[in-house]
Amino acid sequence: MTLYKIIKRLKLEGWLSKQIGYYSEKLYLFVNEELVEARKSVNIPKIIIVAKCHYQESKRVFPSVSRKELDKIVNLKKNVAVELGIKYQIYRNEKVDGFDVRTVKLNSKLISVLGEDKIYIPETDLLTISSNKNLIEVETPAGLLFCANQNDVVKSSYAKGIVENIETYKLSVGLPSDSEAKKVDSLTFPKYLLSALYSSSVAKLTRVSMYNVANWFNMKHLHLLYWGPLLTALLVYLGGNGYYFWLNESVENSIKQGELAVTKLLSKKRKLDSNKKILTTYSSEFNNQKLIHSHWNIIEQLLESGMQISRILYKENLLTIRGSAEKASNILSIISDYPMVKSASFQGSVRKSIGKDSFVLNIEVHDQNEN
Amino acid sequence: MKIKNSRYNHYFLILLALLLTIYALLPLQNLLKEQQNHFNLITKQYEKTDYLLNNEEQLTALLKGAQDEIIKAESLFFTFESTDKFKLGAQSQIENLIGAGGCTIERFTFKGSTSLLAGTERWLIEIRFKGDINCVTHSTRILESNMPLVNIAQYSFAHSGVTKDVKGTFNVQLNLVIWYKEIGA
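Sequences listed follow chains L and Y, in order.
Taking the numbering used here, the leading residue of the first sequence gets 24, the next gets one more, and so forth.
Taking the numbering used here, the leading residue of the second sequence gets 5, the next gets one more, and so forth.
No wet-lab data here; the hints were simulated from the structure.
Incorrect hints may appear among the rest.
[As the list claims (entries may be wrong)] Heads up, simulated BS3-like pairs for lysine-lysine below, C-alpha to C-alpha not over 25 Å straight-line: (1) L:291 to Y:171; (2) L:294 to Y:171; (3) L:379 to Y:185; (4) L:95 to L:82; (5) L:178 to L:128; (6) L:313 to Y:76; (7) Y:171 to L:300; (8) Y:168 to L:294; (9) Y:68 to L:292; (10) L:291 to Y:168; (11) Y:52 to L:292; (12) Y:185 to L:313; (13) L:299 to Y:76; (14) Y:76 to L:291; (15) L:279 to Y:168; (16) Y:48 to L:292; (17) L:34 to L:82; (18) Y:185 to L:294; (19) L:375 to Y:168; (20) L:279 to Y:89; (21) Y:91 to L:350; (22) L:379 to Y:68.
[As the list claims (entries may be wrong)] Pulled from the structure, derived: some chain L residues nowhere near chain Y, Cβ distances all over 12 Å: (23) 31; (24) 54; (25) 61; (26) 66; (27) 87; (28) 99; (29) 118; (30) 135; (31) 184; (32) 191; (33) 285; (34) 297.
[Unchecked claim] Reference excerpt, derived from the structure (chain Y facing chain L, CB under 8 Å, subset only): (35) 64; (36) 73; (37) 88; (38) 144; (39) 145; (40) 160.
None of the values given here were measured: they were computed from a predicted structure.
Glycine included, each C-beta is placed from N, C-alpha and C at the ideal position.
The shape of chain L in the complex, shown without the other chains (with noise of 0.2 Å):
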């Protein structure tokens, strides 16, 4: 993925424009795709395109080494040089079976006037990744610049001393003196140079540029990650704290100034408890009262209709009622039509005892409570 369609897709052109900064001599920033100077007074871009004339480059060749060996060749150099500005570009070259390492040093003074903080991207580099051609000619701020790109080595030289023109150049780097150069005018350059800075990979930007992550931010800052919601939940619990305890004392001096007439009040409250509860007991023991004396009704109309009675019991709403008569049959039908009688029935066999039929009624009293 592109930078580019990074910065698109986060609608980010217009801050990231602002974050691009060139360097040759001076600091120049990208204003309507135009190096226009920049005053000192201005914040220096996060991202720094450094102009030929303030990095060296070298090449060495590890002929007969694998790539783990050599790997921990330049992490030893890597480790040994702390400071940022040196760059280890690994190339395999297969005559020498080994490999070909481009170093990309910058000037010390450079990075002490624009900051430890920045990301550093050689303009050669850049230079080289838009083009179809192999060869680019550019004028830059800081003159005539020949830059070739052969099997991804970048190699590049100003219009200057000997090689003072692309043919010379073209001789010089190794390129057949038919091969063509796109030529980029002083007009042009910074458009350019940006269409290759957007059009580049992620990938390959990481590859070439200079920085160092831990420059970018102290590192105790971040103790404010834990430190920030730390001190503000002290700050809350302290808050809560003050704000219930102000709330409790108001409450309870407002008790406080009642509690004369409140002890009175809850003296009564009490008493008219205890009044309830003694009440909800009279009431349990005197509503259940059931009256037997209309019970007479009952056994009048048990006489009248002939029946005669030898034994009356009752308990719990249910009399019972032995006796004989003629038809008991006819007893049962009358009493259980009586209105005060809920249901009636025989307890028991109806025996026959000297022409008369002998029975014990059990008869459901009506609750007079229930009425």
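Go by the hints and put chain Y onto chain L.
What follows is chain Y alone, placed relative to chain L:
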């Protein structure tokens, strides 16, 4: 040495944060919860007392009503100074009531009591007597209309064979319930 110091600075900051959490933040959190609970409790207490103060008249009226009802209900009790006096008084009163109807009392037994409230008891009585129909009907009517209250919980009437002319003698057993209240209770 500088690198080591820098690393110890980080450790120190983390340790300090841990100590702050353990010895300040957590106790403060607990204290806040306690204060919130205490606030909820005293708020409820305040609301209750406020409600009571606003409804004092209603409360007084309710109390008076309840006291009146209790006084009214006390007429239902056999009220005496002691249990012994109650037993004597209740027996003589009930025997007088039954005897007034011409009944012959054979046995009067206090079967036991159940405590209801302090100084208030429910008593069970078993009474046996005999008499004619007038005696029996008079007894049930007079007992049920009596004040203090006498409740006939169970009864048994035995006869050699009563017919509609209702002649002859009834042997009666009544199981009564009465209520005793000690004076001053």
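Comparing the hints with the structure gives:
no.	hint	verdict
1	L:291 to Y:171	61 Å, violated
2	L:294 to Y:171	57 Å, violated
3	L:379 to Y:185	52 Å, violated
4	L:95 to L:82	18 Å, holds
5	L:178 to L:128	14 Å, holds
6	L:313 to Y:76	20 Å, holds
7	Y:171 to L:300	49 Å, violated
8	Y:168 to L:294	57 Å, violated
9	Y:68 to L:292	12 Å, holds
10	L:291 to Y:168	61 Å, violated
11	Y:52 to L:292	11 Å, holds
12	Y:185 to L:313	22 Å, holds
13	L:299 to Y:76	14 Å, holds
14	Y:76 to L:291	20 Å, holds
15	L:279 to Y:168	79 Å, violated
16	Y:48 to L:292	17 Å, holds
17	L:34 to L:82	40 Å, violated
18	Y:185 to L:294	19 Å, holds
19	L:375 to Y:168	21 Å, holds
20	L:279 to Y:89	50 Å, violated
21	Y:91 to L:350	48 Å, violated
22	L:379 to Y:68	64 Å, violated
23	31	40 Å, holds
24	54	41 Å, holds
25	61	34 Å, holds
26	66	28 Å, holds
27	87	38 Å, holds
28	99	19 Å, holds
29	118	44 Å, holds
30	135	21 Å, holds
31	184	45 Å, holds
32	191	51 Å, holds
33	285	5 Å, violated
34	297	9 Å, violated
35	64	7 Å, holds
36	73	6 Å, holds
37	88	23 Å, violated
38	144	4 Å, holds
39	145	5 Å, holds
40	160	5 Å, holds
In summary, the numbered hints that this structure violates are 1, 2, 3, 7, 8, 10, 15, 17, 20, 21, 22, 33, 34 and 37.
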